[in-house]
Amino acid sequence: MNNTSQRISLSDIGFGLIIVSYFLLVFSSPMPIKIGVLEIVMGIGLTMGASLLILSLIARKNTDIILPILCIAYFLMAPLLMGVVRGNDFADMARDVAPLMFMAALPLLITSLPQDKYAIYRLRVMLFAILAVGLVSALQFHHGIIKLFGSMETYIARTGPIPVMPLKEPNVLIDQTWSVSGLENIDYPSLMLKCQDPAILFTAIYLLCVGISHVLVKPRRLLYGIFALGGGAFCVYEFAALGLRAFCGLTALTLIIYAVYLIRSRKVSLANLMAAGVVGLLFTYSQIVNFATQMWAKQQAVGLSGRPGELYSAFGTISENVATLLFGVGWGGLLSNPIYDAATTRYTHSLFSYWLLKTGIVGLAALVLFVSLLIRRVDLKYVWKSSHRLAVFLAASAVIIIGLFFEPTYKMLSYGLIVGLLLAEYAKPLASKQEPNTIF
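Those letters in the sequence shown? Residues 782 to 1221, per this note's numbering, in order.
Mixed in with the good hints there might be a few duds.
[Said to hold, decoys possible] Pairs of lysine-lysine residues, derived as DSS-like cross-links and limited to a Cα-Cα distance of at most 25 Å, are as follows:
1) 928 <-> 815
2) 815 <-> 999
3) 999 <-> 1048
4) 1048 <-> 928
5) 1048 <-> 815
6) 1166 <-> 1048
For the record, the hints were derived by calculation from the structure and aren't laboratory data.
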């Protein structure tokens, strides 16, 4: 086997292991409370896949990744050392380190995959995997809610502005007899995490965008468009039922942007788009009004849900002394979180405040450097070159914004894979080649 074949084999096998490990997420939780056999298997698969990708990069003598890898090494070692010095709990440190690999190492490795004739097919595989996990997770959430509350309507009626526990005992396990659900039992908090998986938000926005495009622009794909609209609307229904305001708001914003793109690019007339919108409202008006009322009630009840106070508390925690101000409290460090009535938590709801807490000002600066190194190969002028690419960009951007400012989704495996997909989609070498088509 020559060097070229060996490199392709290593990268393809490594990529395949990562995708297969990601698919196992449907049998687990996006942020598991307890680590079991399945989570260990996923971890081994991800580690082996990442190792093979690193070996392929070494074989290709890719010097462009040296500085990003040094950044990741710093992200790993400096906060880890700080955590050891401060006496942070080992289990807490381990739980902080694992998401670091998702949010930093995974996007880097995916972006560094060979830009060969198979690059487009890898993008399609990643896209399919994310959509599959998103749809299955939405189905699991829906099925679990029905098992607990009897129907989604009952759940929504009882939820009010803030999601509540079911009438059963809080720790009761749901007997998952529906084999497609992929879960044998799950508790209510884990069920809520299922619905917060970034893959669901990505799937909702992407499917709605391509569905609109197929129905209005590509009549030969009308049936595919209807299925895509149905899948996207189903995902929106699930996280709207959970009262996720940021998810719903960003979905609405991305659809507006996509509609403007279709009009400005003359792919569809304003009259046709408005007519389609009226038809859509006829089917969804009552649900939109109900969810809008629910979101407004939640906004009145909780406002910004304590996010500014959480950031202030994180900064106050690292301001104890110069060392923590510069280097943070380290992996495993805890925060007196005002969102939970000053109870100690290991995470925050924003990647910005989380990174500031764990790594300090120096770590935040290193993160900015790392991100700039990742995006230097990205050419965003290709965002507007095709409806498919714009759909990917809008869906992935919404996921990134949620993790940066609103929810701890940055700790989930889907987050890193979606960031990697976005970066790989707009990598400059690929941009000059064949335009990848939607998988529908």
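The hints, checked one at a time:
For the hint linking residue 928 to residue 815, the alpha-carbon distance of about 22 Å falls within 25 Å, and the restraint holds. With a C-alpha separation of about 46 Å, the suggested pairing of residue 815 with residue 999 is violated against the 25 Å cut-off. Using a Cα cut-off of 25 Å, the hinted pair residue 999 and residue 1048 holds, with the two alpha carbons roughly 10 Å apart. Between residue 1048 and residue 928 the CA atoms are separated by roughly 44 Å; this puts the pair beyond 25 Å, and the hint is violated.
Annotation: proposed proximity of residue 1048 to residue 815 is violated, straight-line Cα distance about 49 Å (limit 25 Å). In summary, the hint linking residue 1166 to residue 1048 is supported, as the alpha carbons are separated by about 12 Å, within the 25 Å threshold.
Checked against the numbered hints given earlier, the structure breaks hints 2, 4, 5 and satisfies all the rest.
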